[in-house]
Amino acid sequence: MSIEISPMILAVFVPLFGAIAAFVLTRVAALIGLATLVLTTGAVIWLARDVLAAGAIVLPLGGWGAPLGIDLRADGLSVAMLALTSAVGFLVSIAALDSLKGADQVRQRQYFWPLWLLLLTGMNGVYLSTDIFNLYVMIEVIALAAVGLTVQSGSRAALQAGLEYMYASILGALLFLMGVGFVYLQLGRLDFAGLSGAAPTGALVAALALIFVGLALKTALFPLHFWLPAAHANATAPASALLSGLVVKAALYIVLRLAQYMPFPSENLLTLVGLMGAGAVIWGGVQALRAERLKLLVAWSTVAQIGLIFVAFARAGELGLTESWKAAALLILAHGIAKAAMFLAAGRIKDEIGHDVIRDLDRTPIRPTLAQFTFALAAISLIGLPPSLGFIGKWALMEGAMAAGYWHWVAVTMVGTLMSVAYFSRVFAGFLRFDRVRAPLGEHQGWALADAAPLTLALMAIGLGLLAAPLLSFLEIGYPFGVAP
Amino acid sequence: MTPDLIYGLTGIAVFGIGLVGALCAQDRLRRVLALKLCSVGAGFLLVVGAWREPPATTDPVPHALVITGIVVMVSATAVALALIRRLQTLETTDEH
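Chains as they are written, first to last, in the UniProt record's numbering: chain A, 1 to 485; chain B, 1 to 96.
Keep in mind the hints are simulated off the structure, nothing from the lab. In this text, a Cβ means the ideal position worked out from N, Cα and C, and glycines have one as well. There is no bait here: all hints are sound.
Residues from chain B shown here face chain A by an in silico Cβ test under 8 Å; the list is partial:
(1) Gly69
(2) Ala80
(3) Arg86
Distance ranges between label pairs, derived from CB positions:
(4) B:Ile67 to A:Ile366: 49 to 57 Å
(5) B:Thr58 to A:Glu4: 29 to 37 Å
(6) A:Pro67 to B:Arg85: 37 to 45 Å
Please model the entire structure based on the sequences and the hints provided.
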């Protein structure tokens, strides 16, 4: 039997070996990290070409097929998530080169690369897995690496937030594991293909509910979001960008997958999911309006945006689920790119002016205008103004809700949009008002090469909206799962 | 009441006790232990589920799952304990 190298194998194992190498060879860790990301991105592009040419691809690892072996599977949605991870990851890595260059950050530099590459391994693994136990292992890999990144700065606040995150993460994983166990005891199978044909009995619904609660805890769906704001606000800028832009998306992706394969058992449950999302939109918005620090505001806006993704998911009820997941997927992509840009920009602003108290943003003689511009561009996509990707996602959400006659979800989206305009305006006001500073103002102070990565991300968030049609048709490749071999 | 039902309910009860502890306990170490209890409950349930009437052999798949779960839990506990220790060191140096 010949050994065939598949891009799917590369996408999982290149980051894994990269992580080990970066951990051992600390002096060249950054170099290894960048090389790994380039290779992984190459593998994802290769995979995207294959999927475009041949549709969904299934790879039984070691020739052992499902249900006993582990299958890797790539379709439009998984490749889109892989591409998001590689693109955002690559740009955040470049930003990290600059933000971790200080002489007092040797330890941070040393641990950033192995942890981040391990995180990449876990995420790529999630997007290619086709059985729920494999998913459990991968989300644990993600959780351990993500906690490491949260506490990377070593400050007391970061450690406390990281520990809370750890508790939430372990508990979420255990609920997930318990659900996986129940599913196995019911069906005797763990792969998606086995799940897709199963009849929704009461016991199976209970098992899936456990899995869902576990995932909601990991993705910080209201009211299980309590750990997120502190964890994301106290991490270093590149770590926050990775945590908020990418990590929470892994659990969201699993929810999306499970919903594709196992139709929700009842309309009421779906409405409950939507209501939790609506709660997140409103509570996250209120807290973002009250936040005193820039990074905390951005973290609370993540809570609100994740809520919106769940609203998108529930927008047209049970019958509309075959279309609703696409709206949710678009919002996931839009949020991933824009939020990474925003956290990096917020980190740059904090670096330049020395603090991130929103009230005092307009009292500094230094104006990091490029970082502020990036922040504003990212906010445009998060608010959902045309032609950004965020606009396309919100439009898909509202169109489906209107078509199904679910006007309450349209109202929730509108309220969420207005609140996001309000809380981001608090920041813009700080960027724009000059009158409180009497000192001579250096207009171009605080421009740096480090602004390039977040600016590129923000431009992507705006520009990808123009490519929405090809993006949507790409997402549909290989769907629905049941029909695929 | 069959034995496997009793064992199954025990597993769920242990998980439940752990869950309450993880959500309600104040002490950091206590919460880690409560989470361990949760994992024991979940593992217990899987092992019980693998059991079959004597002529049939036990289902090995849940056992494999439990072993993986144990490995994951050991590393997660190690990370949590390391964090707690570091936090305690920081807190004691801050007080002086």
